[in-house]
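In case you want the letters, here they are:
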Amino acid sequence: MEVRQDVVDILSGFALFADLSTPELENVVQTFGEVYFSEGERIIRQGLTATGFYLIVDGSAIIRVDGKDRTTLRPGDYFGEISCLLGEPPTADVVAVRPLRCLVLPPNALEDFLVAHPHVMFRVLQGEARKLRTTTRWLS
Amino acid sequence: MAQLTEAPFPPGRYSLVVVGSGPGALQLTYSLRRLGIDHAVISQDPSPGGMFRRWPIFQRMLSWTKPFADHKRGSTEYERYDWNSLLPDEDANRAIMPTVMDGTSYFPSRPEMERGLVTFVERTGLSVRYGCRWESTRQDGDDFVLVTSDGEYRAPTVVFAVGVAEPWRPSALVVEGVQQYGDLRPAETYADRRVFIVGKQNSGFEIATGLLPWARQIVLASPSPTKLSVDTRSLVGVRARYVQPYEDWALAGGVLVLDASIESVERVGSHYLVKTRSPHDGHDFNFEVEDVIAATGFVTPLRDLPDLGVATFGQSRLPAQTPFWESASVPGIFFAGTIMQGSQGLRKHGIPSNSGAVQGYRYNARVLARHIAESRFGKRLEKRALKPDQVVPFLLAEASRGPELWHQRSYLARVVSIDPSQGIADEGIRPLAQFVDDLEGQDAVAIALEANGRDDPYPALYLRMGGKVKEHLMHPHRMLQYEEPEYQRELGSFLQPLLVEALSRTAQ
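Protein sequence lines correspond, in order, to chains A and B.
Each residue of the first sequence is one higher than the one before, starting from 16 at the first, in my numbering.
Each residue of the second sequence is one higher than the one before, starting from 795 at the first, in my numbering.
Bear in mind the hints are in silico, worked out from the structure with no lab data behind them.
Heads up, the beta-carbon is just placed ideally off N, CA and C, and yes, glycines get one too.
Stretches of chain B that chain A covers, calculated by requiring three or more beta carbons in the stretch to come under 8 Å of a beta carbon on chain A: (1) 1014–1025; (2) 1113–1125; (3) 1262–1272.
Generate coordinates for the entire structure from the input sequences, incorporating the hints supplied.
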């Protein structure tokens, strides 16, 4: 039961996990690893394989494509899922813009986690739909 | 007073202070000394060994040493099979561990490991001020001031190698009589008793294995499912050595391995009532047991370093670190030994480094010693020059037999650089994360071994040219030999842009 209650409390406020009970949230905290990045450090690297699915617990990060900053990510945001789901290298860097604390799931564990937590999968799908909508607006 | 005057490193100001006398501190002080870096070493322990004095029941390491292997004992290649010996430069002092083991197990016992460390210290003539307890810390200008039981030490650079061995338990388990890993009674006192172990990692399964011949029933519980190292093909998960309770559960032999959160632990007379809840279906199970044992992990004994601004993370409260194991938030404070696992590297495929174990951090210590010598003491360390036709065989030999790459996969890498004026040079072993993120560094190639949790390990190459890093993964080889012609051709082709550039510069 190596569960950090402070992290469980933070997760309970994230939309991604809004449908989970406290024991399920404790399970999430145990299943994910916790990682820390200092300002300017790269979390995932464009073109380098086998990174992971990251969820920001505290701090903020920027998505950087070919050296150009795109979007800021904040607590509750997640990234790396496309690379994990497709088994391809990330198409962007994600860089900490201030000290960043994340939960991370290995790439090969994301499928099992989502299948075991269908409500989380639905909310990830909603997130991907929003990204697709934004991209479509850019292109139109 | 006689002891105080005879002990080395009296309180005062030093260029560098190392705290600890476990394997991490000993490897570091040895490597620093070989580089000519003056420093003090202090430790609260009475002799070398650190945490290796406080293990329950089995009193054995989880890292092995094979006395007989396909490579000569004492050779660099042999280090792949000997996970426990420290790494001196002189041949006479290499591979000490197999010489102090009695052959009954290839996992050294606690006394054998301690004997190995003492032998290393004696033969290499290392000095440590023992019985000197670090108590508090403050900053004074550019110096850190360590207040110890012997007086104050001042230094602009301090390395803490104090282990991750302070037991931790969640608030639900702060109940009178609940025991802790490292503080158990003799195994026979659990005879015919029901034992509830909280935690399903190695420490929990280690205790359960020890109690199998004694306890009436054993329950192991934590919210997430058990992983086994033989499934993950890494050190993630319960090691095979302690899997027996898992088989007992799988064959319905009486042990219970439960995915459950602990809702409460209550003492009722001479028993405990443990209330649990399943994370899968919310079902409640209650257990009445005679013993509750917390195997819920360990934290890093950083004392007041967080008050100085040292950022920590995770349940183990590990300090956040740069790729060279310096505090990410307080420059000048470094870490060695098992705390180095806080510098996480690339974690490719989610597989962590082996920096939490001797076989991993002994290499980190050598890299750290060179880094400190260069960055804090201005030392210019010699690099070996290579000819262009030596690069491919050199890198493939490293992938096939280099112990740093084998023990620290996707974490430590062999780096070969191209310098406009110096030509091709072996840069030695570097943290891979530092290499791929140093986009302004000189053109170079790094080779590491990578594991993905499914296949055999395979060489991974990272080519840094013109401020960009390109990754190339080679295929696994069933016999783990990467020097065959197909690998040579593949690597030669991948390196062609770099080597062509080197050749053209050499021609000029």
